[in-house]
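Number of protein chains: 2
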Amino acid sequence: MQLRGLSFIGSDSGTPGGATFRAFDPTEGKDLEPVFHSASTAELESAVQMAAAAAPRWARLPGAERNRFLRLIADKLDQNAAVLAAMGVQETGLPLARCTGEVARTSGQLRLYGETAARGDWLDARIETALPERKPLPKPDHRSMLRPFGPVVVFGSSNFPFAYSVAGGDTASAFAAGCPVIVKAHPAHPGTGELVGRLIVDAVKECGLPEGSFSLLFDAGFELGQALVKHPLVKAVGFTGSLKGGRALVDLAAARTEPIPVYAEMGSINPVFILRGALAERAAAIVDGLHASATLNVGQFCTNPGLIVLQRSPAAEQFIRALTAKLAATPEGAMLTAGIRKNFVSNTATRAKQLGVKVIAEAKAVTACGAAPVWFETDAAIFLKNGSLSEEIFGPSSLVVWCHDGAEMLDVARHLEGSLTATVQAGAAEAAGQGELIELLAAKAGRLILNGYPTGLEVSAAIVHGGPYPSTSDGGRSTSVGTRALNRWARLVCYQNFSDELLPAELRKANPLGLLRLVNGEITRNPS
Amino acid sequence: MQLRGLSFIGSDSGTPGGATFRAFDPTEGKDLEPVFHSASTAELESAVQMAAAAAPRWARLPGAERNRFLRLIADKLDQNAAVLAAMGVQETGLPLARCTGEVARTSGQLRLYGETAARGDWLDARIETALPERKPLPKPDHRSMLRPFGPVVVFGSSNFPFAYSVAGGDTASAFAAGCPVIVKAHPAHPGTGELVGRLIVDAVKECGLPEGSFSLLFDAGFELGQALVKHPLVKAVGFTGSLKGGRALVDLAAARTEPIPVYAEMGSINPVFILRGALAERAAAIVDGLHASATLNVGQFCTNPGLIVLQRSPAAEQFIRALTAKLAATPEGAMLTAGIRKNFVSNTATRAKQLGVKVIAEAKAVTACGAAPVWFETDAAIFLKNGSLSEEIFGPSSLVVWCHDGAEMLDVARHLEGSLTATVQAGAAEAAGQGELIELLAAKAGRLILNGYPTGLEVSAAIVHGGPYPSTSDGGRSTSVGTRALNRWARLVCYQNFSDELLPAELRKANPLGLLRLVNGEITRNPS
Numbered sequence: 008m009q010l011r012g013l014s015f016i017g018s019d020s021g022t023p024g025g026a027t028f029r030a031f032d033p034t035e036g037k038d039l040e041p042v043f044h045s046a047s048t049a050e051l052e053s054a055v056q057m058a059a060a061a062a063p064r065w066a067r068l069p070g071a072e073r074n075r076f077l078r079l080i081a082d083k084l085d086q087n088a089a090v091l092a093a094m095g096v097q098e099t100g101l102p103l104a105r106c107t108g109e110v111a112r113t114s115g116q117l118r119l120y121g122e123t124a125a126r127g128d129w130l131d132a133r134i135e136t137a138l139p140e141r142k143p144l145p146k147p148d149h150r151s152m153l154r155p156f157g158p159v160v161v162f163g164s165s166n167f168p169f170a171y172s173v174a175g176g177d178t179a180s181a182f183a184a185g186c187p188v189i190v191k192a193h194p195a196h197p198g199t200g201e202l203v204g205r206l207i208v209d210a211v212k213e214c215g216l217p218e219g220s221f222s223l224l225f226d227a228g229f230e231l232g233q234a235l236v237k238h239p240l241v242k243a244v245g246f247t248g249s250l251k252g253g254r255a256l257v258d259l260a261a262a263r264t265e266p267i268p269v270y271a272e273m274g275s276i277n278p279v280f281i282l283r284g285a286l287a288e289r290a291a292a293i294v295d296g297l298h299a300s301a302t303l304n305v306g307q308f309c310t311n312p313g314l315i316v317l318q319r320s321p322a323a324e325q326f327i328r329a330l331t332a333k334l335a336a337t338p339e340g341a342m343l344t345a346g347i348r349k350n351f352v353s354n355t356a357t358r359a360k361q362l363g364v365k366v367i368a369e370a371k372a373v374t375a376c377g378a379a380p381v382w383f384e385t386d387a388a389i390f391l392k393n394g395s396l397s398e399e400i401f402g403p404s405s406l407v408v409w410c411h412d413g414a415e416m417l418d419v420a421r422h423l424e425g426s427l428t429a430t431v432q433a434g435a436a437e438a439a440g441q442g443e444l445i446e447l448l449a450a451k452a453g454r455l456i457l458n459g460y461p462t463g464l465e466v467s468a469a470i471v472h473g474g475p476y477p478s479t480s481d482g483g484r485s486t487s488v489g490t491r492a493l494n495r496w497a498r499l500v501c502y503q504n505f506s507d508e509l510l511p512a513e514l515r516k517a518n519p520l521g522l523l524r525l526v527n528g529e530i531t532r533n534p535s
Numbered sequence: 008m009q010l011r012g013l014s015f016i017g018s019d020s021g022t023p024g025g026a027t028f029r030a031f032d033p034t035e036g037k038d039l040e041p042v043f044h045s046a047s048t049a050e051l052e053s054a055v056q057m058a059a060a061a062a063p064r065w066a067r068l069p070g071a072e073r074n075r076f077l078r079l080i081a082d083k084l085d086q087n088a089a090v091l092a093a094m095g096v097q098e099t100g101l102p103l104a105r106c107t108g109e110v111a112r113t114s115g116q117l118r119l120y121g122e123t124a125a126r127g128d129w130l131d132a133r134i135e136t137a138l139p140e141r142k143p144l145p146k147p148d149h150r151s152m153l154r155p156f157g158p159v160v161v162f163g164s165s166n167f168p169f170a171y172s173v174a175g176g177d178t179a180s181a182f183a184a185g186c187p188v189i190v191k192a193h194p195a196h197p198g199t200g201e202l203v204g205r206l207i208v209d210a211v212k213e214c215g216l217p218e219g220s221f222s223l224l225f226d227a228g229f230e231l232g233q234a235l236v237k238h239p240l241v242k243a244v245g246f247t248g249s250l251k252g253g254r255a256l257v258d259l260a261a262a263r264t265e266p267i268p269v270y271a272e273m274g275s276i277n278p279v280f281i282l283r284g285a286l287a288e289r290a291a292a293i294v295d296g297l298h299a300s301a302t303l304n305v306g307q308f309c310t311n312p313g314l315i316v317l318q319r320s321p322a323a324e325q326f327i328r329a330l331t332a333k334l335a336a337t338p339e340g341a342m343l344t345a346g347i348r349k350n351f352v353s354n355t356a357t358r359a360k361q362l363g364v365k366v367i368a369e370a371k372a373v374t375a376c377g378a379a380p381v382w383f384e385t386d387a388a389i390f391l392k393n394g395s396l397s398e399e400i401f402g403p404s405s406l407v408v409w410c411h412d413g414a415e416m417l418d419v420a421r422h423l424e425g426s427l428t429a430t431v432q433a434g435a436a437e438a439a440g441q442g443e444l445i446e447l448l449a450a451k452a453g454r455l456i457l458n459g460y461p462t463g464l465e466v467s468a469a470i471v472h473g474g475p476y477p478s479t480s481d482g483g484r485s486t487s488v489g490t491r492a493l494n495r496w497a498r499l500v501c502y503q504n505f506s507d508e509l510l511p512a513e514l515r516k517a518n519p520l521g522l523l524r525l526v527n528g529e530i531t532r533n534p535s
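In order, the protein sequences belong to chains G and C.
Here the first sequence is numbered in the numbering used here, starting from 8 and rising by one per residue.
Here the second sequence is numbered in the numbering used here, starting from 8 and rising by one per residue.
The following block holds chain G by itself, in its conformation from the complex:
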């Protein structure tokens, strides 16, 4: 597959002109071919108009057909996995095994969300049948369910070139929910984006879906993304990236005449509380597990453990010594982009100068985009006073916070901002006594992990990848991973006293799709 460097406006190619940019190989430290061309304002307008024109057809598209489309994209990803992963490696510096695994995760997500659409239980269909004889007033027939929003804009992430980019979780869940999608490609891996985008364009054609079902826009700067969020025909936005970038889009959307939801997954420090019993029972295993979790793919995960909280003791000090020794010996890796690497260097340099903060591990990095672990320690008293120490440093850097006692650990938990995850490492005998800590952390994070590590995410019906601000923009009401992700792209519609043939199939008396529905208080697949 030859790269063209052009957007997809529906099935049409964008035209050259406007600002250009190139991908960059962070491992080799060199620009890549070809030149990519920013989409023009007219092309953006055309993509949005086509998406809006496709929205009614998408809203009526049966779940089974959405499933067919998503499976087709998944099959195409799998068939092209080798080419895709190779391109991903070149543009992101991530290892081949990671990119190969991520393609598989992406096709798995597409299939899971497709099945969810086909099954249709996520629609929360509810029926209250009429009681025409009720006094003083007859009870009308009410049938309600979730219906798609319309055109969704998805911003590809820098750190997941597949699973959170062009055909990633936001795109897959929006399609599954019945929304046309316009993706703003992340400029750090445009070639990967183009390859994946072409597969989706092909799938749109093969399924006979309207052209406006999908567009992929490139941009050298921020203007196009901002214009997408402000466009009156765009109804919702998905974003994975930095707090600064996400908040800017959230603010733009909130300032619209018609505000729209922006589901932004942003910064997260993912605190890890390590209790005495855990160290007594398995210090060496935790050194290995935490080291792996904190350094995997150069620490470039939204679930990277950025804060380690423990109580000072000889055993804890020995644990941290063993961990920092391992960190200091960790080989450097290429970061995703030169910009991310620059921020990592500058953020760690700033933190090193904070009063009462000490560098405890600093591994060497010598290549252009390379980074290696830089860890810090401080006392809880200082952490509680210095708000900047709660900020995420994206990359292989964490802050160890030393507490005097259990009460101070609880103070640290109370002080935390929102995170995607919070972890507790506890000994067999002490776990049961951590109710207060767990309850505090449940108010601060979307996923609580006992005796595990925050990286590694199961894509399932029960997973939650979302948390209080600033980890997400919607306070953790939704998840960007797992089947509940579909709910983000839909709103409630109720039909009162409708004749059966005018109802969507999902709400008809005979229940032709066999949905699980709440009928007069009972969950059932029976007719109503």
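Wrong hints could be hidden among the right ones.
Same chains, same label: a pair holds when it works inside one copy or across any pair of copies.
Said to hold, decoys possible - Here are the computed lysine-lysine pairs in the BS3-like style, where the Cα-Cα straight-line distance is at most 27 Å:
1. Lys237 x Lys333
2. Lys365 x Lys392
3. Lys516 x Lys349
4. Lys251 x Lys237
5. Lys392 x Lys237
6. Lys37 x Lys146
7. Lys237 x Lys349
8. Lys392 x Lys146
9. Lys349 x Lys365
10. Lys392 x Lys360
Because the hints were derived from the structure by calculation, they are not lab data.
Model the placement of chain C on the given structure of chain G, informed by the hints.
Same frame as chain G, but now just chain C:
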């Protein structure tokens, strides 16, 4: 029950001082006793701090205990219905039967939401059990559900002194979801608010709940409400009122360091499309039904039918003549407040001057707060060009839009902004052919009504009272009426690899609460 004119800061009385105001009897046109005292900044701070302190206890409070509390409030409302309704009549000018009925609806809501909390199925509990042997990686145990946000602020509405005020739907659903509530009382019916507030304070005591479970704040102006929305410990807001007032709060919440959700139910024009067949079959019945819906309680409903769309024909013109004759003979009624009446007079006067808009019914109103129907007509071509004609006029005023043909009716439907409801009146033979119109309206409203009227709202599991902007602030993702209203006050939390005794009871293996849970893809009440 003697009124004191003071806020409730938990179970404590607020203190006099600061700005004062009085209720006003719109029927008699006179100020009422006693003087009400605005809460001070210190009292607001104390109410919020107490609510935050109560939040962890509320988050752990079993659904059955939330139910007990809500039932107790409901019982107290019913026991005091006569006194409450009389006070409501005096402060709002609404008829006694309406106020009596509204108290009953309010206690009904409290009981329904309490039952919903006790049953617990709304929590969307989901479990994926571990597969320790899975390759390449073991699958962890994940258990997730909705958990309460924490302190919620509720703004009482002017037009529902009971059902959307101190113990109304927002308060009841927030309690049911497990959140402490601070109500900012509507200044138009403070005596009603105080009476209801005292019943809630008593119920808090009798149930042994923490003091911060509930506070009720009075304010002569807007500052206190704004300060509540900006307070860092407040986690969500419910509001029912005008677009201007709702949007101001939405914007304040969006500008916070940590943005929070504001569920604002605002303006709605509730279009009614009347097709030829409906007029041929039952013109006289629709004259009566539409007249009743549009004039009930002086048109002061959020579901008041504000836009009537029909195709010009002799039958349609005769229908409108019959309707306007009935409207012109409609006796005046007192509006809720002098301010609402002033806006009604000014908004109808402005609309009367719009190019191409004609007054077709204007009933006489002579008393100080009185209003009577003022209806307008215009052509679709003018409606489509003049955006101000899409704005709601709160009160007994509607706009008839004449279309040349069915295509122009679809154009009007396409042009509509979001509404809470949209209605289609169709004849027996023509309903089935209205798929395109229904589909267009499904994108514009939260509740679609066939051959009925928009006023009158069933409080149930299937109802939706929410719609695209500007009818609500969240694009219709949620409903402020019905059991789904609880979901607004909760976020998702997932527990990974937790030992059973550390899990909330809702997620434990034995399923001690007997919840409906999604366990490894199956909906079941069985253990996991």
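Right, here's what the structure says about each hint:
1. Lys237 x Lys333: neither (48 Å within a copy, 46 Å between copies)
2. Lys365 x Lys392: within (16 Å within a copy, 66 Å between copies)
3. Lys516 x Lys349: Close neither inside one copy (60 Å) nor across copies (48 Å); limit 27 Å.
4. Lys251 x Lys237: both (18 Å within a copy, 21 Å between copies)
5. Lys392 x Lys237: between (38 Å within a copy, 23 Å between copies)
6. Lys37 x Lys146: The answer is neither: 70 Å in one copy and 39 Å across copies each exceed 27 Å.
7. Lys237 x Lys349: neither (30 Å within a copy, 36 Å between copies)
8. Lys392 x Lys146: Neither. Shortest intra-copy (59 Å) and inter-copy (39 Å) distances fail the 27 Å Cα cut-off.
9. Lys349 x Lys365: within (21 Å within a copy, 66 Å between copies)
10. Lys392 x Lys360: So Lys392 and Lys360 pass the 27 Å test inside one copy only (15 Å; across, 61 Å).
Comparing the model with each numbered hint stated earlier shows that hints 1, 3, 6, 7, 8 do not hold.
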